[in-house]
Amino acid sequence: KNQVEQSPQSLIILEGKNCTLQCNYTVSPFSNLRWYKQDTGRGPVSLTIMTFSENTKSNGRYTATLDADTKQSSLHITASQLSDSASYICVVTQAGTALIFGKGTTLSVSS
Amino acid sequence: DAGVIQSPRHEVTEMGQEVTLRCKPISGHNSLFWYRQTMMRGLELLIYFNNNVPIDDSGMPEDRFSAKMPNASFSTLKIQPSEPRDSAVYFCASSLTLAGEVNTGELFFGEGSRLTVL
Numbered sequence: 038k039n040q041v042e043q044s045p046q047s048l049i050i051l052e053g054k055n056c057t058l059q060c061n062y063t064v065s066p067f068s069n070l071r072w073y074k075q076d077t078g079r080g081p082v083s084l085t086i087m088t089f090s091e092n093t094k095s096n097g098r099y100t101a102t103l104d105a106d107t108k109q110s111s112l113h114i115t116a117s118q119l120s121d122s123a124s125y126i127c128v129v130t131q132a133g134t135a136l137i138f139g140k141g142t143t144l145s146v147s148s
Numbered sequence: 006d007a008g009v010i011q012s013p014r015h016e017v018t019e020m021g022q023e024v025t026l027r028c029k030p031i032s033g034h035n036s037l038f039w040y041r042q043t044m045m046r047g048l049e050l051l052i053y054f055n056n057n058v059p060i061d062d063s064g065m066p067e068d069r070f071s072a073k074m075p076n077a078s079f080s081t082l083k084i085q086p087s088e089p090r091d092s093a094v095y096f097c098a099s100s101l102t103l104a105g106e107v108n109t110g111e112l113f114f115g116e117g118s119r120l121t122v123l
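Chains as they are written, first to last, in this note's numbering: chain A, 38 to 148; chain B, 6 to 123.
Accuracy of the hints is not assured; some may be wrong.
Residues on chain B that point at chain A, a partial pick, calculated with CB under 10 Å [to be verified]:
1) F38
2) Q42
3) L50
4) F114
Please keep in mind that the hints were generated in silico from the structure rather than gathered at the bench.
All C-beta atoms, glycine included, are put in the ideal place defined by N, C-alpha and C.
Take these sequences, add in the hints, and give me the full structure.
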């Protein structure tokens, strides 16, 4: 069954700290993997996209990694800010067919 | 570009009433998606249009839900009659999909329509 599992479900960190969010998937055949950020009351916005051959992609303080062999991805946030408080959704594209969404990790950054 | 525009942003209605949600995709995008988001289930695809034609409506919960895309710049999602379990945030998204492929483009989401059915 094609699934995307994210962990942890929620996370609270202090401002300035780093954190890492995890995404494991069983989607096959794999096309690409995206991380989306969803602020409260807003629609998701794409942060990064990685294809099979890419294992690291950065977008400012956000760095995504992909291990296609183990079917795992992570999103690392460096020097967190209050504005990083949001839900982070991992989305895997099943080649030529569908997008499989994870349920997201809710991050709260406190001062 | 103004992005994907959805209306209304909030809708409160009573059980049994008809609800119509509207979406204007980004100009030039050829694919449009309707998603439903709840805490329990996350984002779920309801229906997907490509070049105004419904391609996959397997996610539409039941006959009470219907969606149309009369032209490239407008789509509606209708629920008739509405029920309390339909309460959720409904997102419209659009993308530019390459010919012959599905879901190849980045999704651009609207701000969502929060529906509450009493």
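Hint by hint, here is what the structure shows:
1. F38: Result: holds, 8 Å to nearest chain A Cβ.
2. Q42: holds (9 Å)
3. L50: holds (7 Å)
4. F114: With a closest approach of 3 Å, the B/F114 hint holds.
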